[in-house]
Amino acid sequence: MSPRHGIVPRLKRKKIQEAVTSGKRMDGRELEDYREIVVKSNVIEKAEGSAEVFLGDTRVMVGIKIKCGAPFEDTPNAGVIICNAEFVPIASPNFEPGPPREESIELARVVDRGLRSAEVVDFSKLAIIPGKYVYVINVDIYILNHAGNLIDASAIAALAALRGTMKPVYKVKDGEVLLTDKKKPLKAEKMPVAVTLVKIGDSLILDPSADEEEVMDARLTVTVDEDGNVCTIQKSGTYGLTIEEIGKAINIAVEKATEIRSKITGND
Amino acid sequence: MSKKKKSKRKKKWERIDGREANELRPIKIESGVLPNADGSAYIEMGRNKIIVGVFGPGEMHPKHLAKPHKAVLRCRYHMAPFSVDPRRSPAPSRRDTEIGMVMRYSLEPAIFLERYPRSCIEVYAEVLQADGGTRCASINAATVALVDAGIPMRDLVVSCAAGKYNGRVILDLGDYEDKEGEADVPVAYMPKLGEVTLLQMDGILSAEELEKCINLSIEGCNQIYEMQREALKKKYGIEKEEN
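One line per chain: the protein sequences are A and B, in this order. The first sequence runs 1 to 268 under the numbering used here. The second sequence runs 269 to 511 under the numbering used here.
So that you can see chain A by itself, here it is in the shape it has in the complex (with noise of 0.2 Å):
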């Protein structure tokens, strides 16, 4: 990161600290508390899918496009998920225009990586010519401001987006593939949410703002299915973690992955 005016003067990191030991913090959450969450679905009508998330300050809007092309090799059978984030610049001062940087990567990895492992949709199903041409399923998030825990965001975003998907339905005509005008619900059934806390000092607190971020010592983020299954996880940040607060930070994750997900659902 290249702070322009992102940079957290010491004095805050103390204060931060401070508050998070008191079981206080700066915006005047609880430890556990989440931002408020608005889901709006299909925003975009030119994609297949559409959502955009407002978590707190957070805002994320992801689109889903759908074409026909080739498997992979390894699963020639299957349907195809690329997630893929974009930092824009008007999201933060500190991001600027380029190649994506690390934490993109990340980003895009860590929600490709829960929506994968959930099955999210039955990528069996998705075959139109099996071994030859599949569904492929873009996942573009898109940050639009960030004001922390772009990671929880973006997940709710590409599950709401999913779930509101109607796939291009293909026909087979001679071993060719042709796209026709009838569209079919994509049927995203599986409901993967990531939750992320952050460790600062010795407590664990949830959904992270964007300052918090900054003086945090680790972070887990946990993705959890609806039936309390945990599908990924990824650690990151400076500090280690004890087996005692990573068993505690799952405990949370997945009673808050309830809480999330009825917000997503009650969108519907």
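The set of hints was computed from the structure by calculation and includes no laboratory data. Predicted model only: the values in this text are computed from it and were never measured. Quick reminder that beta carbons are idealized off the backbone N, C-alpha and C, glycines included. Careful, some of the hints might be misleading.
[Unchecked claim] Okay, derived cross-link-like pairs now, PhoX-like style, lysine-lysine, Cα gap no bigger than 25 Å in a straight line:
| # | chain 1 | residue 1 | chain 2 | residue 2 |
| --- | --- | --- | --- | --- |
| 1 | A | LYS187 | A | LYS263 |
| 2 | A | LYS67 | A | LYS132 |
| 3 | B | LYS502 | B | LYS296 |
| 4 | A | LYS132 | A | LYS173 |
| 5 | B | LYS296 | A | LYS46 |
| 6 | A | LYS67 | B | LYS447 |
| 7 | A | LYS40 | B | LYS503 |
| 8 | A | LYS171 | A | LYS125 |
| 9 | B | LYS447 | A | LYS46 |
| 10 | A | LYS40 | B | LYS296 |
| 11 | A | LYS187 | A | LYS125 |
| 12 | B | LYS296 | B | LYS460 |
| 13 | A | LYS235 | A | LYS14 |
| 14 | A | LYS125 | A | LYS184 |
| 15 | A | LYS67 | A | LYS190 |
[As the list claims (entries may be wrong)] What the simulated footprint calls covered on chain A by chain B, stretch by stretch (three residues with Cβ under 8 Å from a Cβ of chain B suffice, anywhere in the stretch; the number is not a length):
| # | region |
| --- | --- |
| 16 | 44 to 54 |
| 17 | 63 to 73 |
| 18 | 80 to 91 |
| 19 | 138 to 149 |
We have chain A already, so just place chain B on it with the hints.
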């Protein structure tokens, strides 16, 4: 069968979306939509959806590009991968670079750049959905975002296109009319100063038709000018009265 339909449409001179020849698409402008930007605006022009953020005036990076006597204006135009059909690569294309450049040329004359020597003002336009005329819509939103950022300006820059479709001069071409039509003339204009800051054309037009297109564009610009003012008043109007 399809031929019959086509000729019927020609007879009635109907536009795809049923608009009059000199009618704009519905426009919605909102200012101050991005908390992290110094100024911002969101515009919907028909099905175009564009969000613009302005940062600065701030330090120029890299430093050797700074100008000793004025600020540098940087514009970036970028399209979301899901903004068009089929999906588009997020890497900037040559078209994006060119539109960023023409946005700069359109906006520069309106800004008092000489008040901020050695600094940089950045305008970032992100196209969330494209439906023909994105450069015009981006310029309209960028102006509002610049004002929102508190950057002193000589006038608002308004932009609108006219063109020729099915042999007739029409205002504010939609995506289909832009692609299938004979010509497209995007214009940017400063209504108070009466100066045109952007003029492009592609297609084939007679001199007479071109003049018609420009005049029609300016007519459209004057209408959008009022909408820009409304958007800004909505955000700042009440504050002003209190002062």
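Problem - Straight-line alpha-carbon gap LYS40(A) to LYS503(B), limit 25 Å - result: Holds, at roughly 24 Å.
Exercise for the section: Given that the region 44 to 54 of chain A was listed as covered by chain B, double-check it with a C-beta distance under 8 Å for 3 or more residues. Expected result: That given contact holds, which follows from 5 residues of the region 44 to 54 of chain A lying within Cβ reach (below 8 Å) of chain B.
Exercise for the section: Sort out whether LYS132(A) lies within 25 Å of LYS67(A), counting only the CA atoms. Expected result: Holds, because 13 Å separates the two Cα atoms, which is no more than 25 Å.
Handout entry: Outcome, coverage hint (the region 138 to 149 of chain A, chain B; C-beta under 8 Å; three residues)
Key = holds (count 7)
Practice task
Measure nothing beyond the straight line between the CA atoms of LYS125(A) and LYS184(A); if it is 25 Å or shorter, mark the hint as holding.
Solution key: It holds: about 13 Å lies between the C-alpha atoms, which stays within 25 Å.
Practice task
Mind checking the alpha carbons of LYS447(B) and LYS46(A) for me, to see if they're no more than 25 Å apart?
Solution key: 17 Å, holds
Practice task
For the pair we were handed, LYS502(B) and LYS296(B), check the Cα-Cα distance against 25 Å.
Solution key: 12 Å, holds
Practice task
Confirm or reject the coverage of the region 80 to 91 of chain A by chain B under the rule of 3 or more residues with a beta carbon closer than 8 Å to the chain's beta carbons.
Solution key: holds (count 6)
Handout entry: Satisfaction of hint between LYS296(B) and LYS40(A), Cα-Cα up to 25 Å
Key = Since the Cα atoms of LYS40(A) and LYS296(B) sit roughly 18 Å apart, the hinted pair holds (cutoff 25 Å).
Exercise for the section: Given the hint that LYS187(A) pairs with LYS263(A), test it: the Cα-Cα distance must not exceed 25 Å. Expected result: 19 Å, holds
Problem - Distance restraint between LYS132(A) and LYS173(A), which requires alpha-carbon spacing of 25 Å or less - result: Roughly 14 Å separates the two Cα atoms, so the pair holds.
Problem - Agreement of LYS296(B) and LYS46(A) with the hint, judged by alpha carbon distance not exceeding 25 Å - result: 19 Å, holds
Checked against the numbered hints listed earlier, the structure breaks none of them; every hint is satisfied.
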